[in-house]
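From just these sequences and the hints, can you work out the full model?
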Amino acid sequence: AQKVTQAQTEISVVEKEDVTLDCVYETRDTTYYLFWYKQPPSGELVFLIRRNSFDEQNEISGRYSWNFQKSTSSFNFTITASQVVDSAVYFCALSEDNQGGKLIFGQGTELSVKP
Amino acid sequence: GAGVSQSPSNKVTEKGKDVELRCDPISGHTALYWYRQSLGQGLEFLIYFQGNSAPDKSGLPSDRFSAERTGGSVSTLTIQRTQQEDSAVYLCASRVGGQGAYEQYFGPGTRLTVT
Chain A
1 AQKVTQAQTE ISVVEKEDVT LDCVYETRDT TYYLFWYKQP PSGELVFLIR
51 RNSFDEQNEI SGRYSWNFQK STSSFNFTIT ASQVVDSAVY FCALSEDNQG
101 GKLIFGQGTE LSVKP
Chain B
1 GAGVSQSPSN KVTEKGKDVE LRCDPISGHT ALYWYRQSLG QGLEFLIYFQ
51 GNSAPDKSGL PSDRFSAERT GGSVSTLTIQ RTQQEDSAVY LCASRVGGQG
101 AYEQYFGPGT RLTVT
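Those protein sequences? They're chains A and B, same order as listed.
The first sequence maps to residues 1 to 115 in this note's numbering.
The second sequence maps to residues 1 to 115 in this note's numbering.
Source of the hints: derived by calculation from the structure; they are not laboratory data.
The structure presented is a predicted model; accordingly, all values stated were derived computationally and were not measured.
Check before you lean on any hint, since a few could be wrong.
[Said to hold, decoys possible] Going by beta-carbon spacing under 7 Å, a handful of chain A positions derived as facing chain B:
#1 T30
#2 Y33
#3 E44
#4 L45
#5 F47
#6 R50
#7 G100
[Said to hold, decoys possible] From chain A, some residues computed to sit far from chain B (all C-beta separations above 12 Å):
#8 S12
#9 L48
#10 I60
#11 R63
#12 T72
#13 D86
#14 Q99
#15 I104
#16 S112
By construction, the Cβ of each residue, glycine as well, lies at the ideal position given by its N, Cα and C atoms.
If you want it as structure tokens, here you go:
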């Protein structure tokens, strides 16, 4: 069965610190997709990134970077030089190729960046 | 362009009443999803529509829940005989068609409170 685990419920950092949000997934499919979403206090889920199971290349977008490792079934998210505006709940999600794209979400990690 | 819209943004209803929640997906998106976000259960998949195919209803928690999608666009989620445990934020998302490869874009949600 598919499952996503975000072991960190809450993280608190001071502005400019680097922070890594962990995500571990379980799936029996060979083709699957991983996502990160941000949910700021306003409540709307914002798409950040998608990775395909056959592409393990890490990705960097500005202060954000993602590390995908199939060997450990992990898809971790790092924010470099965090800012107060990064404060939000971050969700990791999985979809399997034969399941119509429905997302299985982790429980979320609440990140608080203090000035 | 316009994102996913949902109405109403907030709904308070008495236990036992029926409610209808509406979702307008992004124009051109053939896949539409409903999710529920509650404190105890996190983000849960409810139902999925793809084009003219039969919907995937595997996430609906009981037969009090139903949904339809008219003309391949607007969707309505109906909850009959509401119960207090139905209180949650109901999120709608849409994406382009195909398998699970594409990211979903979420609406702002409808916060349902059953008193």
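Results for each hint:
1. With its C-beta approaching chain B no nearer than about 13 Å, A:T30 sits outside the 7 Å limit, and its interface hint is violated.
2. Satisfaction of the interface hint for A:Y33 is found here, the shortest Cβ-Cβ separation to chain B being roughly 5 Å, below the 7 Å cut-off.
3. With 7 Å as the threshold, the beta carbon of A:E44 comes within range of chain B, its nearest partner Cβ sitting at about 5 Å, so the hint holds.
4. A cut of 7 Å between beta carbons decides the hint on A:L45: the least distance to chain B is about 4 Å, and the hint holds.
5. The closest approach between the C-beta of A:F47 and any C-beta of chain B is roughly 5 Å, which is under the 7 Å cut-off, so the hint is satisfied.
6. Below 7 Å, beta-carbon pairs count as interface contacts, and A:R50 has one with chain B at about 5 Å; its hint therefore holds.
7. Here the hint on A:G100 is kept, as its CB sits about 5 Å from the closest CB of chain B, short of 7 Å.
8. Here A:S12 stays apart from chain B, with its beta-carbon at least about 20 Å from theirs, past the 12 Å limit.
9. The non-interface label for A:L48 is inconsistent with chain B: the shortest C-beta to C-beta separation is roughly 9 Å, within 12 Å.
10. Its beta-carbon lying about 18 Å from the closest one in chain B, A:I60 satisfies the requirement of being farther than 12 Å from that chain.
11. Residue placement check: A:R63 keeps its beta carbon more than 12 Å from all beta carbons of chain B (closest about 20 Å).
12. No beta-carbon of chain B is positioned within 12 Å of the beta-carbon of A:T72; the least distance is around 22 Å.
13. Listed as outside the interface, A:D86 is consistent with that label: its C-beta sits roughly 19 Å from the nearest C-beta of chain B, beyond the 12 Å cut-off.
14. Residue placement check: A:Q99 does not keep its beta carbon more than 12 Å from all beta carbons of chain B (closest about 6 Å).
15. The beta carbon of A:I104 sits about 7 Å from the closest Cβ of chain B, which is not more than 12 Å, so the claim that it is off the interface is violated.
16. Taking the minimum C-beta to C-beta distance to chain B, about 18 Å, the non-interface status of A:S112 holds against the 12 Å cut.
Hints 1, 9, 14, 15, counting from the list given before, are not met by this structure.
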